[in-house]
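Student: The residues making up each chain are set out below.
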Amino acid sequence: MKCLTVGITIALSASMATWTKASDGIEAVLQNSFIANNQATMDRLERDAVQTACSAPRGTPLDNEMLAALREERLNAVVLPANGQYLGDWQRGAEVAGNGRGLQSSDDPTKPNGGNCYACHQLAPGEVAYGTLGPSLTGYGARGQSQAMLQYTWTKLWDTHAYNLCSHMPRFGAQGILTEQQLKDVMAYLLDPASPVNQAAE
Amino acid sequence: MKRHHLGFALFAAWLCSLPLAADDGVFDQYRDLMGDDNPAVFVIDEGEELWFAPQGPESATLEACDLGLGPGVTSGAYVRFPRYFADTDAVMDLESRLVHCMTTIQGRDRETVTAKPYSLRGDFGTEIEALVTWLAAESEGAAIAPEQTHAAERAMYALGEEIFFYRAGPHDFSCATCHEQSGMRIRLQALPDLTSHSGAAEAWGSWPAYRMSQGLVRTMGWRLRDCFRQQRWPELKMGSEASIALQTYMAVNAAGGMMTAPGLKR
Amino acid sequence: MTTIHAKGISRRDWLRWTALLGVAVALPGRVWAAMTRPEEAFGATGLDEALAALGATPQVHEGIQFTTPDIAENGAVVPIRVEVDSQALPNVSKVSVLVEMNPNPLAASFDIPPGTEVYIETRVKVAQTCTLYAVAEADGQLYMQSRETKVTLGGCGG
Amino acid sequence: MAGRIKIRAQKKGDMTEVKALMRHPMETGMRKDQAGDPIPAHFITEVSVFHGDQPVMQGHWGAAVSANPFLGVRFAGGESGDTVRVVWTDNQGGTGEGETTIR
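Residue numbers (my numbering), protein chains in the order written: chain A, 1 to 202; chain B, 1 to 266; chain C, 1 to 158; chain D, 1 to 103.
Warning: the hint list may mix true and false statements.
[As the list claims (entries may be wrong)] Taking lysine to aspartate or glutamate pairs in the EDC-like style, the calculated list, with each CA pair at most 20 Å apart, reads: (1) D:K12 - C:E40; (2) D:K12 - D:E97; (3) D:K19 - C:E39; (4) C:K94 - C:E121; (5) B:K116 - B:D32; (6) C:K94 - D:E17; (7) D:K32 - A:E46; (8) B:K237 - A:E46; (9) B:K237 - A:E27; (10) D:K11 - C:E39; (11) D:K11 - D:E79; (12) C:K150 - B:E235; (13) D:K12 - B:D36; (14) B:K237 - A:D43; (15) D:K19 - B:D45; (16) D:K32 - B:D123; (17) D:K32 - A:E27.
Worth flagging that the hints you see were computed from the coordinates, not collected in a lab. Please read these numbers as outputs of a predicted model, since none were measured by experiment.
Looking at chain A on its own, in the form it has when it is part of the complex (with noise of 0.2 Å):
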């Protein structure tokens, strides 16, 4: 079976009616079915238009325009570093990148949250516990520390969908996920040359 990555892909492929909502019936499956749970709360359950359009199961017809107005309004919201710094400190990067908690029903809600982006991504070679749901960032840093680079590698944590709409990644700015010296410090930890994941392995 063909094996879509990114609901994209799907977009740009489809062509007749149109996916927007799930069947009448789910919310109310879901409010049945599910309970709160510390800060697991119910509303979680509802989604946002980004969530809405991007639960279409395989192969449902999409509707590109609202697709990409969704996009173009994504880009549009996101929320650069008040001052203009981009970087924080790779070390304390480095924690959020292997810290795979916050915001689950059993975690410290006074704890700051993770990135966890080892779940899904190589970073510095010598980890071996990574996963390959998203592409390996080894090396991030060679691509430079240009405005333009900056900027887009802010996005793509911020809101990933400003880039590439459905993609699996969390929006961990846009959703409040990691606070904006995480989000300064994950930058760091990606694009600083101290770093490990730009050093080459042991």
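Place chains B, C and D on chain A using the hints.
Tutor: For chains B, C and D alone, coordinates are given in the frame of chain A:
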């Protein structure tokens, strides 16, 4: 005496069901050293004893429980779930059917028997976990063949597919986020593609499973609940429509595969 | 137990083990266990302290074959195997397994009577990536082998 | 339901190989339950393997042995049909015992 060979048979089945090394074989040496002993053998025994133990106000055993193949028929029953039951006019998974039998046959209180279906930290197994483990072992080696004859069963599959792709929560996660591609892994954990037959068969066929990291056998109901915890969703209720729909989606995608549970997992 | 005599068991050892057996039959486990359990070593919270409590500083010995996985899927269950070549290192009477970074490094200790091969398999918890030690006692001396096992983060990390 | 042991004993040349799996939680005493209360330490402290009436190994265990512990040992001799017995005691006074015959 059959049980003495069960561990070995399970291990052989487990070996055959190992995923095609999305983890690049990094744990081969570890698994070699682990050998063939699955502590789930204890839980199978415990489940069998619970099935035949008189309980509740009726002081009844579960031998009159109809798992779909007739009262008391346990062999081969698990692989037909989820399925429609006329007596409840509902599609049920094994866990909810067991609760139904505990309340109707043994006269036990529904709230009580569903209060803690899955072990919490520090627990050493629950009644539901043990019964499901034994009943899965009673289908060992059988082909996965969920019923899809009743309209309600087919509707459950369609609903399950929709929920599988439903993105929600602060991380925008759906089941599909991790389980619609083959050969991928999260950290070092290989992820089954549940939209494919082979991935669904491998996954559905190996639960319930002994989780080494927890020292416990876990059921598919728990597996789904814990997936949603990590999806940052609220808590999935045992035996809920969403749970049964997702199980139907998996089981039907897995149809024709072999039941090898209880599995042995990280 | 002709095999035991054939292996050249000392009279002292023989008496000790038959004495243990007598107690064991009368009171399974508890009493005879208390006679030999290395309590102090189990209570030690550092590797050096645990080794000191076991006796002396062990020397590396190639007669000990210590098998652990290079990388463990899960630190809660790490399979280990200790084998001693009785030609290279005879008269081993005790084998201990230590995990350097655990809160209490000594995980297990085994008394081996003459006639038992020194071949032990078990599974231990390893809190984090660190070195594991197999220590064998023979004729009052301590010998060892060590292995590093990497413990990985699995699953979704939460 | 602690206390149970599954044992296999198999002749391998002039040796007998014993593999035992024990039903026990092996709680370290350092974990907390869902409510945040400490879970008391509960682990096997002593385990012994007998061939007939003869002890072939005694293990002293700490809480770092994994839950539902596995033990494999080998001893010289042993004939098909001989009894192999494994017994344990834990830190809360619990005991377990199981036996099998050599295959």
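Student: For every hint, state whether the structure bears it out.
Tutor: Verification of the hints:
With a C-alpha separation of about 37 Å, the suggested pair K12 (chain D) and E40 (chain C) falls outside the 20 Å cut-off, and the hint is violated. For the given pair, K12 (chain D) sits about 24 Å from E97 (chain D) by alpha-carbon distance, which is inconsistent with the 20 Å threshold. About 26 Å separates the Cα atoms of K19 (chain D) and E39 (chain C), which puts this hinted pair outside 20 Å; it is violated. A distance of roughly 14 Å separates the Cα atoms of K94 (chain C) and E121 (chain C); the hinted pair therefore holds under the 20 Å criterion.
The straight-line distance between the Cα atoms of K116 (chain B) and D32 (chain B) is roughly 35 Å, outside the 20 Å bound, and the hint therefore fails. Proximity of K94 (chain C) to E17 (chain D) is assessed by CA-CA distance (about 19 Å); at most 20 Å being required, the pair is judged to hold. Using a Cα cut-off of 20 Å, the hinted pair K32 (chain D) and E46 (chain A) is violated, with the two alpha carbons roughly 34 Å apart. Only pairs whose Cα atoms come within 20 Å are accepted, and K237 (chain B) paired with E46 (chain A) is accepted, the gap being roughly 18 Å.
At most 20 Å may separate the alpha-carbon atoms for a hinted pair to count; K237 (chain B) and E27 (chain A) meet this at roughly 15 Å. Note on K11 (chain D) and E39 (chain C): the hinted pairing is violated, with a Cα-Cα distance of about 35 Å set against a maximum of 20 Å. With a C-alpha separation of about 7 Å, the suggested pair K11 (chain D) and E79 (chain D) falls inside the 20 Å cut-off, and the hint holds. Between K150 (chain C) and E235 (chain B) the CA atoms are separated by roughly 33 Å; this puts the pair beyond 20 Å, and the hint is violated.
About 17 Å separates the Cα atoms of K12 (chain D) and D36 (chain B), which keeps this hinted pair within 20 Å; it holds. Only pairs whose Cα atoms come within 20 Å are accepted, and K237 (chain B) paired with D43 (chain A) is accepted, the gap being roughly 16 Å. At roughly 19 Å between alpha-carbon atoms, K19 (chain D) and D45 (chain B) fall within 20 Å of each other, so this suggested pair holds. Note on K32 (chain D) and D123 (chain B): the hinted pairing holds, with a Cα-Cα distance of about 11 Å set against a maximum of 20 Å.
Between K32 (chain D) and E27 (chain A), the direct Cα distance comes to roughly 36 Å. Violation of the 20 Å bound is thereby established for this hinted pair.
Hint compliance for this structure: hints 1, 2, 3, 5, 7, 10, 12 and 17 are not met, and every other hint is.
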